[in-house]
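Protein sequence lines correspond, in order, to chains G and X.
The opening position of the first sequence corresponds to residue 0 in numbering that gives the first Met the number 0, with each subsequent residue numbered one higher.
The opening position of the second sequence corresponds to residue 0 in numbering that gives the first Met the number 0, with each subsequent residue numbered one higher.
Certain hints may be false.
[What the hints assert, rightly or not] Using 30 Å as the maximum straight-line C-alpha spacing, the simulated DSS-like pairs for lysine-lysine come out as follows:
| id | chain 1 | residue 1 | chain 2 | residue 2 |
| --- | --- | --- | --- | --- |
| 1 | X | 56 | G | 308 |
| 2 | X | 79 | G | 21 |
| 3 | X | 79 | G | 338 |
[As the list claims (entries may be wrong)] The following label-pair restraints were derived from C-beta to C-beta distances:
| id | chain 1 | residue 1 | chain 2 | residue 2 | range |
| --- | --- | --- | --- | --- | --- |
| 4 | X | 412 | G | 308 | 30 to 38 Å |
| 5 | X | 213 | G | 9 | 53 to 61 Å |
| 6 | X | 330 | G | 45 | 19 to 27 Å |
| 7 | X | 308 | G | 416 | 56 to 64 Å |
| 8 | G | 318 | X | 20 | 51 to 59 Å |
| 9 | G | 52 | X | 99 | 54 to 62 Å |
| 10 | X | 341 | G | 213 | 52 to 60 Å |
| 11 | X | 379 | G | 52 | 34 to 42 Å |
Don't read these hints as lab results, they were simulated from the structure.
No residue lacks a Cβ here, since even glycine has one placed at the ideal position from N, Cα and C.
There are 2 protein chains.
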Amino acid sequence: MAKEITSREEDYSKWYNDIVKKAGLADHSAVRGCMVIKPLGYAIWENMRDELDRAFKKTGHVNAYFPLFIPKSFLSKEAKHVEGFAKECAVVTHHRLMNDPNGDGVIVDPTAKLEEELIVRPTSETIIWHTYKDWIKSYRDLPLLINQWANVVRWEMRTRPFLRTAEFLWQEGHTAHATKEEAVDEAALIHELYTRFLEDFAAIPIIKGAKTPHERFAGAEDTYTVEALMQDGKALQAGTSHFLGQNFAKAFDVKFLSDDNKEEHVWATSWGVTTRMVGALVMVHSDDDGLIIPPKLAPTQVVIVPIPKPTDEILAVAEKIKSDLEAIGVSCKIDKDLKKRPGFKFAEHEMKGTPVRIGLGMRDIEKNQAEVARRDTKEKMSLPLEGLPEAIKALLDQIQNDMFQKALKFRDDHMTEVDDFDEFKSVLESKGGFISAHWDGTVDTELKIKELTKATIRCIPLDQKEEKGKCILTGEPSKGRVLFAKAY
Amino acid sequence: MAKEITSREEDYSKWYNDIVKKAGLADHSAVRGCMVIKPLGYAIWENMRDELDRAFKKTGHVNAYFPLFIPKSFLSKEAKHVEGFAKECAVVTHHRLMNDPNGDGVIVDPTAKLEEELIVRPTSETIIWHTYKDWIKSYRDLPLLINQWANVVRWEMRTRPFLRTAEFLWQEGHTAHATKEEAVDEAALIHELYTRFLEDFAAIPIIKGAKTPHERFAGAEDTYTVEALMQDGKALQAGTSHFLGQNFAKAFDVKFLSDDNKEEHVWATSWGVTTRMVGALVMVHSDDDGLIIPPKLAPTQVVIVPIPKPTDEILAVAEKIKSDLEAIGVSCKIDKDLKKRPGFKFAEHEMKGTPVRIGLGMRDIEKNQAEVARRDTKEKMSLPLEGLPEAIKALLDQIQNDMFQKALKFRDDHMTEVDDFDEFKSVLESKGGFISAHWDGTVDTELKIKELTKATIRCIPLDQKEEKGKCILTGEPSKGRVLFAKAY
Chain G
0 MAKEITSREE DYSKWYNDIV KKAGLADHSA VRGCMVIKPL GYAIWENMRD ELDRAFKKTG
60 HVNAYFPLFI PKSFLSKEAK HVEGFAKECA VVTHHRLMND PNGDGVIVDP TAKLEEELIV
120 RPTSETIIWH TYKDWIKSYR DLPLLINQWA NVVRWEMRTR PFLRTAEFLW QEGHTAHATK
180 EEAVDEAALI HELYTRFLED FAAIPIIKGA KTPHERFAGA EDTYTVEALM QDGKALQAGT
240 SHFLGQNFAK AFDVKFLSDD NKEEHVWATS WGVTTRMVGA LVMVHSDDDG LIIPPKLAPT
300 QVVIVPIPKP TDEILAVAEK IKSDLEAIGV SCKIDKDLKK RPGFKFAEHE MKGTPVRIGL
360 GMRDIEKNQA EVARRDTKEK MSLPLEGLPE AIKALLDQIQ NDMFQKALKF RDDHMTEVDD
420 FDEFKSVLES KGGFISAHWD GTVDTELKIK ELTKATIRCI PLDQKEEKGK CILTGEPSKG
480 RVLFAKAY
Chain X
0 MAKEITSREE DYSKWYNDIV KKAGLADHSA VRGCMVIKPL GYAIWENMRD ELDRAFKKTG
60 HVNAYFPLFI PKSFLSKEAK HVEGFAKECA VVTHHRLMND PNGDGVIVDP TAKLEEELIV
120 RPTSETIIWH TYKDWIKSYR DLPLLINQWA NVVRWEMRTR PFLRTAEFLW QEGHTAHATK
180 EEAVDEAALI HELYTRFLED FAAIPIIKGA KTPHERFAGA EDTYTVEALM QDGKALQAGT
240 SHFLGQNFAK AFDVKFLSDD NKEEHVWATS WGVTTRMVGA LVMVHSDDDG LIIPPKLAPT
300 QVVIVPIPKP TDEILAVAEK IKSDLEAIGV SCKIDKDLKK RPGFKFAEHE MKGTPVRIGL
360 GMRDIEKNQA EVARRDTKEK MSLPLEGLPE AIKALLDQIQ NDMFQKALKF RDDHMTEVDD
420 FDEFKSVLES KGGFISAHWD GTVDTELKIK ELTKATIRCI PLDQKEEKGK CILTGEPSKG
480 RVLFAKAY
């Protein structure tokens, strides 16, 4: 297996693309901006989906499914929403093809034009709130805690696998509540749920914060974000949870009769994470030899490579280890391929990020031991066959924890407080990462800083301290620091 | 809870629509022909998906994800495929909206016309085989056993929730093989996998057969079908598995180097089941009081209703039963709603098809017993609290089995052998069901019978006996009986 991964130092962007391709996460497709998610990439997404789905259900949410298409007129019902979402999208105008009368192939049947064009959903607030109007009549129908797993399309100009694609997979939660307080609490609950998922499963340290008004979701009163840091010092928004106020309820006229018999507009939230998280996982953890997957999201946690080849004797021991591992909840595969040599297999599993590799030869078996290698640190150790499954399970926990701690240290090392615009620019260019600085609170300054440096305000951290200071650009008074960074 | 379900006898079609609506399975949407799948309907689909996904993975398949859009030109690459699929579909022609210069709202930006129109996938053979060309070079790359869970769109004229909708959810398997034999075996493996799922989980008896050449999938050499019978005597195709020969490999030029170094076209299968199965489940099992869900696919298998209301004392016992049930793998909910009375709750859970209901009051608790009711037969019984979880678990198995047996008896009672066209028409109109009759093997006769009676050949049963006879329409010689029915 030829590695040919560009090193991070040489070209971080190319390194990322190489890993996505060579680890078999995704492939380009014949459709502009759309990727093919290959089996390994999809299996990681499935694990993310299953963990999140469990957490959603545990907190009282249920799944449903709404149409792929949105009538064009729906998009303009919420004034800010249309500004943010209605522009770059896939528009369905016809519903039939016909044989080309001039010869082979098919053409669009001009007589099959739709009365109203349909938009492939870029997000589903509009069609869902149109539906909620029928479902919500009384306080008894509330809260409505619904999530949807779906594909969405945004016609992005510049795309990169997982990070930004025209079509992507995601979940979108859309909840309806009787009071403002309940809706705000729901947005906060999901914000914390995303944080726990990203930190505890994806081993990605998170900064929880609120977006500035300028960076809010189109139609939201508040947008809470989970921000992560990539190895090149750029930030990535890994998920958002929005408090929507009564904006969509008013746009779609969704009212309920309260328990004291008053008619009121419903309060709302929406929230989502996407296949982008797979890209974040690659960018946070992997190295110049390939992908590194945190054990809790790895489709295969342990691979056993028979050395030099899968003889009956070695396979008997390997199968026993595999079934013992599976019995304690560890996924394991034995690489029985006869066409490849161990060295090739080692490189292949390294590339694909399998957390633990066990090399097993007759000499090991005679000594009642196995050669165990960690993917994250490349550390190798001889472990006794007796008690091996439990030792491997503990090792996987250790790897999960070490990966998080390593990423956390990197993040903390790339968190810089600055009080001066020249220093701001210099840190941004030399070191990158999050820059904690004072800001005067105006959109003008936010945009000016972005124009001058390409850095954006990633968030106003939830744990922001009250601290008087002066805006790094204008010198105007500020009440606390916000986090800037260049971002994906 | 007002029932207001039309009885099956009065109007079977309306009965079905009533159940879908009143049990909360699906709702109409603002988009023509597209449904909203409501939480209960989606939870049943999720259970179907999870069971099938386990079975696919157990047999060596992996999941991946391919683009929603297909370039128009791809559809015409396989000649028969375009005839069958390229016509009624959603066509994306533009990628941007703009503010209407004449006022409010948005219009399609005429400058954002796509160079080549994109089709929302009606099925993915074309885009997948275009991709496989890059993935398959050598016999080492085969077999490729890939499945996709996705939404697809076919612009159907007449739609019904679950049974026929413009957008639906499905899985589509697309496999590539080095030999014809392997591909034929794969199509048969999945045919049997679908049968096992439908019979063992959905409790729907299946007839396994092959489609006639006229009824085959567009582009297939052989289509294997699983045919089920609804309570109105109409058949429903619940899934298909296709042997595609080398048709798509030739259309997309997918060749591999065999182990003896020859370049050959790849052999293929594709197979799918859809949200239509939810409709079949309703139509096979439900009654005039609502939905009946087979225990193995029920989102909630047992509901406990405190009588007359959820007091602390009753809840303590109920929670214990619930946790004991969950410990042995039975899902259970306690209906703690204070706003509804037991009678209302009973009707509601009956409507929603929960397999077992436990009524629990203080008098029951004092007698160390609980009132247990089966949804399928409405039978009620007093069971001792001691050992209740195990008794309930056994009851659920009994219900699952009884539901299958009942459906099987109905199916067998509606399987009629006829040897004469008048009898054929008379059975079709009076009794319905499957009619086993001789056919001369020609498309002309098949179409003529359909024209005269609306009955189609559902399949040539796999267990067809060799039996000489005369075609019921033409009197021409036939080698065996095939199954006719009116169908959804």
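Okay, the hints, checked on the actual structure:
no.: 1; hint: X:56 to G:308; result: holds, 26 Å
no.: 2; hint: X:79 to G:21; result: violated, 36 Å
no.: 3; hint: X:79 to G:338; result: violated, 39 Å
no.: 4; hint: X:412 to G:308: 30 to 38 Å; result: violated, 59 Å
no.: 5; hint: X:213 to G:9: 53 to 61 Å; result: holds, 60 Å
no.: 6; hint: X:330 to G:45: 19 to 27 Å; result: holds, 22 Å
no.: 7; hint: X:308 to G:416: 56 to 64 Å; result: holds, 58 Å
no.: 8; hint: G:318 to X:20: 51 to 59 Å; result: holds, 52 Å
no.: 9; hint: G:52 to X:99: 54 to 62 Å; result: violated, 40 Å
no.: 10; hint: X:341 to G:213: 52 to 60 Å; result: holds, 54 Å
no.: 11; hint: X:379 to G:52: 34 to 42 Å; result: holds, 36 Å
Checked against the numbered hints above, the structure violates hints 2, 3, 4 and 9; every other hint is satisfied.
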